[in-house]
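Student: Here is what each chain is made of, one letter per residue.
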Amino acid sequence: MTEQSTIDFELVSPERKLVSEPVNMVVIPGSEGEMGVGSGHSSVLSSLNPGVIALYTNDNEEPRKIFVAGGFADVTAEICTVLAEEAILLEDLNQSEIDQELKDLNEDLGMAAEESDKAKIEDRITITKAKRRAVTGEAIF
Amino acid sequence: MPSLSDYRDRIASVKSTRKITSAMKMVAASKLRKAQDQAEASQPYARSMAAMMARVAGNISISDSSPKLLVGTGSDQKHLIVVVTADRGLCAGFNTNVVKMARLLRNKLKGEGKDVSFVCAGRKGGDLLKREAGDSIWQRFTGIIGKTRVEYADSDKVAQFVLEKFEAGEFDICTMVYNEFESVLTQTPTTQQLIPFKMPEEQDNEEKGAVPEGPVSVYTFEPDEQEILKALLPKNISVQIYRAFLDSSAGEQAARMTAMDNATRNAGDMIDNLSLQYNRARQAHITKELIEIISGAEAI
Numbered sequence: 003m004t005e006q007s008t009i010d011f012e013l014v015s016p017e018r019k020l021v022s023e024p025v026n027m028v029v030i031p032g033s034e035g036e037m038g039v040g041s042g043h044s045s046v047l048s049s050l051n052p053g054v055i056a057l058y059t060n061d062n063e064e065p066r067k068i069f070v071a072g073g074f075a076d077v078t079a080e081i082c083t084v085l086a087e088e089a090i091l092l093e094d095l096n097q098s099e100i101d102q103e104l105k106d107l108n109e110d111l112g113m114a115a116e117e118s119d120k121a122k123i124e125d126r127i128t129i130t131k132a133k134r135r136a137v138t139g140e141a142i143f
Numbered sequence: 003m004p005s006l007s008d009y010r011d012r013i014a015s016v017k018s019t020r021k022i023t024s025a026m027k028m029v030a031a032s033k034l035r036k037a038q039d040q041a042e043a044s045q046p047y048a049r050s051m052a053a054m055m056a057r058v059a060g061n062i063s064i065s066d067s068s069p070k071l072l073v074g075t076g077s078d079q080k081h082l083i084v085v086v087t088a089d090r091g092l093c094a095g096f097n098t099n100v101v102k103m104a105r106l107l108r109n110k111l112k113g114e115g116k117d118v119s120f121v122c123a124g125r126k127g128g129d130l131l132k133r134e135a136g137d138s139i140w141q142r143f144t145g146i147i148g149k150t151r152v153e154y155a156d157s158d159k160v161a162q163f164v165l166e167k168f169e170a171g172e173f174d175i176c177t178m179v180y181n182e183f184e185s186v187l188t189q190t191p192t193t194q195q196l197i198p199f200k201m202p203e204e205q206d207n208e209e210k211g212a213v214p215e216g217p218v219s220v221y222t223f224e225p226d227e228q229e230i231l232k233a234l235l236p237k238n239i240s241v242q243i244y245r246a247f248l249d250s251s252a253g254e255q256a257a258r259m260t261a262m263d264n265a266t267r268n269a270g271d272m273i274d275n276l277s278l279q280y281n282r283a284r285q286a287h288i289t290k291e292l293i294e295i296i297s298g299a300e301a302i
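Chains as they are written, first to last, in my numbering: chain A, 3 to 143; chain B, 3 to 302.
Just chain A, with the same shape it has in the complex:
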């Protein structure tokens, strides 16, 4: 690794700034596929799929993982800004709770009468499924 190999990573939610620190590399779940972003990356503006952001701060350490329910990423050579409405540390997610949520949502879907409600619930289901995948460690496609 050369000097100056870090990129500033910022994760902001509408209510506050969640993470702001230099990292070696960050992997973000772009809508066109996962993206590893390091210092000197070309400028990209991408929307994000629900998935996991992995922060590599130290070569020897396991990456810190944060789940985001979609959002946007603004990448320049110096800084990677992620706008996310919902962000949770992966270790705070609990599989049984997610399964329960998924079950509840499916029940809601069965009861929803209007199209718009259905679409909303389906969105929630997609996010919850992504959460589940993130927890169980299944491949994210």
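Treat the hints with care, as some may be off.
[Claimed, not checked] What the simulated footprint calls covered on chain B by chain A, stretch by stretch (three residues with Cβ under 8 Å from a Cβ of chain A suffice, anywhere in the stretch; the number is not a length):
| no. | stretch |
| --- | --- |
| 1 | 33-47 |
| 2 | 50-60 |
| 3 | 228-236 |
[What the hints assert, rightly or not] Straight-line distance between alpha carbons at most 27 Å, and here's what the computed DSS-like set of lysine-lysine pairs gives:
| no. | chain 1 | residue 1 | chain 2 | residue 2 |
| --- | --- | --- | --- | --- |
| 4 | A | K120 | B | K110 |
| 5 | A | K19 | B | K167 |
| 6 | B | K36 | B | K21 |
| 7 | B | K232 | A | K122 |
| 8 | A | K19 | B | K36 |
| 9 | B | K232 | A | K19 |
| 10 | A | K120 | B | K149 |
| 11 | B | K149 | A | K19 |
| 12 | A | K120 | B | K102 |
| 13 | A | K105 | B | K159 |
| 14 | B | K110 | B | K232 |
| 15 | B | K232 | A | K131 |
| 16 | B | K159 | A | K131 |
| 17 | A | K19 | B | K33 |
| 18 | B | K70 | B | K159 |
| 19 | A | K120 | B | K200 |
| 20 | B | K70 | B | K167 |
| 21 | A | K122 | B | K167 |
| 22 | B | K167 | B | K110 |
Because the hints were derived from the structure by calculation, they are not lab data. Cβ atoms here follow ideal geometry from the backbone N, Cα and C, with glycine treated the same way.
On the provided structure of chain A, position chain B as indicated by the hints.
Tutor: Leaving out everything else, chain B in the frame of chain A:
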């Protein structure tokens, strides 16, 4: 002439009113701090969002397939005004100023033969507009502003409602009227156009200053400009509404603090005045009694 006990009662009642107003002032001051902190914490997101919008909008060529949220429906017949006020009163002109502005806007548009509808966030706005525009108030949202925290989810709810109506073609142009928080002493009623999207001039310049750009950096967009814009625009509306809510939330407390400060001072003046009158009356009473006793003694 009021009797001595009348004065005593008045003074006691003004004193207890003063106690209430000064307590309200202190409560408002502490809530104001929290609201300001929250408004500050939400700044980074709003700034990044504005920067992204500027980049995408700057890169996109407007065509027929551009999202309607950006280019409009092509008509300006039906207007929607989102009025952001507080849920509670006792904050001087805070609510009435916004409503006054909304009313002016409505009358202007009505004068041009447009249809005007309202969405009211905050109970007071709805109450004040009810009599003259009862039927054209589509929806009233309450319990958002004035809570300890303004939840983003709440503003998202309002945004979703507005967007649904827009999708359904029920209005063409959406304007938001809210109190901009300038300082503790000034909250300025402001109008802001939400739909179609208008790039705020000043923010644009600010952004240019903030992004260190030599030659304009070439941006890659994933999936592509149109798709990103389609996703960004509704989010931006939520963010703008959220910002207005935060401003109003801080503004409400600031306005209440000032109003209650004045009320407390006025109550003090009133007590001084009443005490003076009370003492005069008391002395007059004593003098009268003395005269009566003396003239009674002389008569014997």
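Student: Give a verdict on every hint.
Tutor: Hint check results:
1. Coverage of the stretch 33-47 of chain B by chain A holds in this model, with 5 residues showing a Cβ closer than 8 Å to a Cβ of that chain against a need of three.
2. As drawn, the stretch 50-60 of chain B meets chain A at 6 residues by the rule of a beta-carbon pair under 8 Å; at three or more, the given contact holds.
3. As drawn, the stretch 228-236 of chain B meets chain A at 4 residues by the rule of a beta-carbon pair under 8 Å; at three or more, the given contact holds.
4. Under the criterion of a C-alpha separation no larger than 27 Å, the hint pairing A/K120 with B/K110 is inconsistent with the structure, at around 40 Å.
5. With a CA separation close to 32 Å, the supplied pair A/K19 and B/K167 exceeds the 27 Å bound.
6. About 23 Å separates the Cα atoms of B/K36 and B/K21, which keeps this hinted pair within 27 Å; it holds.
7. Straight-line distance between C-alpha atoms of B/K232 and A/K122 comes to about 17 Å, which keeps the hinted pair within the 27 Å bound.
8. With a C-alpha separation of about 16 Å, the suggested pairing of A/K19 with B/K36 holds against the 27 Å cut-off.
9. For the given pair, B/K232 sits about 24 Å from A/K19 by alpha-carbon distance, which is consistent with the 27 Å threshold.
10. For the hint pairing A/K120 with B/K149, the CA-to-CA distance comes to about 30 Å; that exceeds 27 Å, so the pair is violated.
11. With a CA separation close to 21 Å, the supplied pair B/K149 and A/K19 stays within the 27 Å bound.
12. Between A/K120 and B/K102 the CA atoms are separated by roughly 39 Å; this puts the pair beyond 27 Å, and the hint is violated.
13. A threshold of 27 Å between alpha carbons decides the hint, and for A/K105 with B/K159 the separation of about 24 Å falls inside it, so the pair holds.
14. Of the pairs offered as hints, the one joining B/K110 and B/K232 is violated, with about 32 Å between alpha carbons and a cut-off of 27 Å exceeded.
15. Using a Cα cut-off of 27 Å, the hinted pair B/K232 and A/K131 holds, with the two alpha carbons roughly 24 Å apart.
16. Straight-line distance between C-alpha atoms of B/K159 and A/K131 comes to about 23 Å, which keeps the hinted pair within the 27 Å bound.
17. Among the hinted pairs, A/K19 with B/K33 is consistent with the structure: their alpha-carbon atoms are about 21 Å apart, no more than 27 Å.
18. For the given pair, B/K70 sits about 20 Å from B/K159 by alpha-carbon distance, which is consistent with the 27 Å threshold.
19. Proposed proximity of A/K120 and B/K200 is contradicted: the alpha carbons are some 31 Å apart, above 27 Å.
20. Annotation: proposed proximity of B/K70 to B/K167 holds, straight-line Cα distance about 13 Å (limit 27 Å).
21. At most 27 Å may separate the alpha-carbon atoms for a hinted pair to count; A/K122 and B/K167 meet this at roughly 16 Å.
22. Under the criterion of a C-alpha separation no larger than 27 Å, the hint pairing B/K167 with B/K110 is consistent with the structure, at around 23 Å.
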